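In order, the protein sequences belong to chains A and B. Every number in the numbering used here is 65 more than the matching position in the first sequence, counting from 1. Every number in the numbering used here is 34 more than the matching position in the second sequence, counting from 1.
It should be emphasised that the hints constitute simulated quantities derived from the structure, not laboratory data. The reader is advised that the hints may include incorrect statements.
Unchecked claim - Beta-carbon label-pair distances, calculated as ranges: (1) A/603 with B/308: 36 to 42 angstroms; (2) A/659 with B/308: 45 to 51 angstroms; (3) B/361 with A/250: 39 to 45 angstroms.
To be verified - Residues from chain B shown here face chain A by an in silico Cβ test under 7 angstroms; the list is partial: (4) 53; (5) 139; (6) 143; (7) 195; (8) 222; (9) 223; (10) 224; (11) 259; (12) 262; (13) 291; (14) 325; (15) 358; (16) 360; (17) 363; (18) 376.
None of the values given here were measured: they were computed from a predicted structure. Quick reminder that beta carbons are idealized off the backbone N, C-alpha and C, glycines included.
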Amino acid sequence: MRVPISWLREYVDLPADAQQIADRLAMLGFPVEEIAERPVITGVVVGKIVAIEKHPNADRLQVCKVDIGGDAPLQIATAATNVAVDQVIPVATIGAQLPHLKIEPRKMRGVESQGMMCSAEELALPAEWFEDGIMQLDASSPLGRDVVDLFGLTDAVLDVEVTSNRVDAMSVLGLARELSASYGAPLRLPSFENPGTDEDPDGLAPRVTLDSSDCTRFIAQRFDGVRVGVAPAWMRVRLALAGQRPISNLVDVSNYVMLETAQPLHFYDAEQVRDGHLFVRNARAGETLVTLDDVERTLSPQALVVADSERALGLAGLMGGATSEVRESTTAIVLESANFEGVRVRRMSMQLALRSEASSRHEKTLAPALADMGAARAAQLLVALGARAYRPHAFGADLGASAAIELRARDVERLLGLRLEPQRIARHLELLGCGVALDGDRLSVTPPAWRRDLTIAADLVEEVARVEGYDAIEPVEPAVPAHDVSSAEYQLETKLAATLSGLGYREVLTYSLQGQQVLERVKRAGIAASREPVEVRNPLSEDQRFLRWALGPGLLEYFARVDAPARVFEIGHVFAQEQSVTEIPVLAFGFSAEAIDEPAWHDTHFLRLKGDCEALLRAVCGITVEATRDVKAGLHPGKTAVLMHDGREIANFGKMDPRVTRSFGVRLPVYLCNIFLEHVPEYRVPRYHPPSKFPSTYRDLALVTDFDVTAEQVSTIARRAIGELCLDVRAFDEYRGPQVGEGRKSLAIRATIGKYDATITDEEADAAIARAVEALRADAGATIRT
Amino acid sequence: MSELATKLDHVQTRFEEAVAAATDERALDAVRVAFLGRSGEVTTVRRGIGALPPAERPDAGKVINAAVERMESALADATARIENRAFEAELAQSVDVTFPAIAPTTGSIHPVRRVLQDAVAYFERHGFATVLGMEIEPDYYTFDALNIPATHPAREGFDSFFISDTLLLRPHTSPMQIRTMQSHEPPIAVVAPGKCYRRDAVDARHLFQFHQIEGLLVAEGIHFGHLKGMLTGLCRELFGADQRVRFRPSFFPFTEPSAEVDTTCPKCKGRTSACNMCGGSGWIELGGAGMVHPNVLREVGYDTEIYTGWAFGFGIERLALTRYDIDDIRRFVECDPDFLTQLA
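The following block holds chain A by itself, in its conformation from the complex (with noise of 0.2 angstroms):
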């Protein structure tokens, strides 16, 4: 909202820096955003034409004699074709500064010219806002008045954003009051007296027919004598400074109002409301109105209209109607000052993409008790201009006095740890425009009528701390006590981040959302999606529509995008539509990397990705775990493995399917890890085993064995049979080829052999490795290769 600071300034007295008084207000509760400087103008004083005369050597200009109230009136020449003698206008007199000027005395085309009548351009007011030429004053203006001083033109005017709960600081009045309780400095308010008391004309009655309970108050109020012209130039200023387009008087008055008082007003020509009865219902299906902004909108009854017996007259809070509206031949209306349900004025202002002034405020619930505020002000203007105001009428609920909330002064010392005399914290609270009474270390405060955001002790504790200031509130380290709430979740992350980290592999974050264009690249690839994705109801672009159900697209975009070797992580959530929508936790790392010229049975790539995971396994939970072979949709079909623990899945690697990392614009060969951080056990901590202090010895034995033969089974085997002499049994190479035949192939292993109290004899090592040959033979149908 833009708030004039020279407005400020009619109702409380405030420092003269802008800064200053924008840093209170962000301290307040109302940050500013912008701070807009006025440019310096000088010496410009309100004067009045007291003669004209043509101008002897040039046709275009006049002569004119300006009284400004000195002893005799100054000789200006001028240009401008708008001036008129008894108009009264400003004049700037020698040495006055304008933004873009200086004015000396000088000749015009011979003829002495002291000083220049000012356009509003040239004291810096949008010119188009205002009439063309010399601007024109108020009749009543003092001759001789400073007019920089008269209008505030050149304090700053602030831009300040209001939250949401404090509608009724959506007003010049409601900042004011918040700077005179911080400042203490005394509040000027101006009369909520409504000067309409006498009975209206008879049958002219304004009547109001309340069909929604989205109105909860109405004040109708009629005006006659009106005559349609230019508002006063104090109002058009104030209005222009606060980035408000003066329109005409009593339009200007109804804007003047609302920004003074956060209560938006309408006016009705009283000729075009049938029987002078008003309704305000909800709209008929398909029922048109053209609004001020001349649009033609079609209504559902979605929508609020002030009505009269025919036809929509406005729409509710939100903008007026064109058949109703005021113009040049109007003179008299009828005033509506209305509160309504916020939230139905919101979802009419979304369902018809209209806002207005009005319904920034409405849509967040005025005060009731603002309607009849808001009438008193713009009738005691409408009377200035010359109008005759009758009694105004308050339909709806009656105005019942605000509930009266107990409060503590421990209350406030309990919340803020800031002690405060009662005393102190009544005047603060009383400043606020809240009545207390007092009564030891308890205050019963009756909120002020025009704010509804004050419900409970707490919502006072905050005005408090307002008024004496936030910054008053000693920072204390607390003394936090012991609880039992766990952090395994987090240290997990916390900890599988920097294993991999150490790995060599790199953190990234990417989209949580993706769009269809990601679906369509699996689906390219040949690959039937695995899970259902959960769709997302509103994305803002398509390319948000779905939430991701793997990490591995997110890093192959990477690894595209990289073209080069890479290794990467992310830990994020994963999403698939099942019966109900799950979510699963899951660490996704991986590589790509320069192909290896090696045999279709041996993968390098893939063996150093099992060591990562099995390395990261054995950080965070103390132990290996036995991949299994499986399938899995995007990796490739044989080289795919698994970690069960405890029937429970804990990670799947392997390498992405060549046709995934294909259709997503990878050149190298992708490996990736799927770790899900539900199932990963708990950290077990390893146990020692000392090393035996005898020498030990090792066999290595070449196996011929049928492919479908693993390594772990054939160690398993050998292990066993070795029994307690076994130390270690690993395989380390494998072939396949004509010599070791068809469907057969070739595995070295190697077997540690040792006692704990004795060197192993080479007897004893012979015999066990007979006793591995056998059981490899009986077990795995492995022969000895010579």
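On the provided structure of chain A, position chain B as indicated by the hints.
Just chain B now, with coordinates in the frame of chain A:
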């Protein structure tokens, strides 16, 4: 005897020639083996003692032993000489230390996680636990339980991504306040970092997904001063000991009193109109905070007469932008290897 002495002289002479010819340790070893080894030349000479008359034998032995001693000492000298030559040669080398390093294959954690971890570490040091949550939450946890009524604009599908009528991607980490309080009796001290989603158009300052860190302390005797104390400490931890922190009144449905928290701009350290980090205001906005609204405490069955608490929610990307002086929030999700390397 003299014959033996002559032989010994010859051996000695050849030995000296061989030592002089040896240029490395291996050659010296060969010399040692050839002359002093088990079947070396000196041994051959020594065998000649047996042929001497018994009376001459002790002297002959002494002569040979003295020769062996001399030869060993000569070998040791030669070894030292060769070693020294090698050292001198190596020590004479020099490199251009400014030559670019050969980079190791290092990994890294994401700057967002690093900031998150630093913030969490601060709170854990003060006795807070860390909890994580789910990103899809029912509206009960995102709104109702947080005192955000059904008519609140945030619930109209304008700010949040909805999955169904009642499920949405959490727009803040605050559901973890409710979940933690519902599963634990007070006192409670937790932080909850995590990913959140809002329907913001992506630009240099906004992402539709971002991270927040939520904090919640509920116990007897907790007040706003404690909130100021902890968050001031956090800012100093993250940005430096001279940071100032400002609490401005604000409005959130789930806290009362509420505050916006700002810290002094670590880049310009004050009001510098040209500062691109704070826009000249001198302050960086960190997020919202306040005393937990009594309705929220009541919703989880905590006795508001006994317990008070505070909560806050800060954007982690905002903290990271400020800390690393990053110009554009999109860099966090752009997966640019150079970005990740620079901040690793």
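Which hint numbers doesn't this structure obey?
4, 15, 16, 17 and 18
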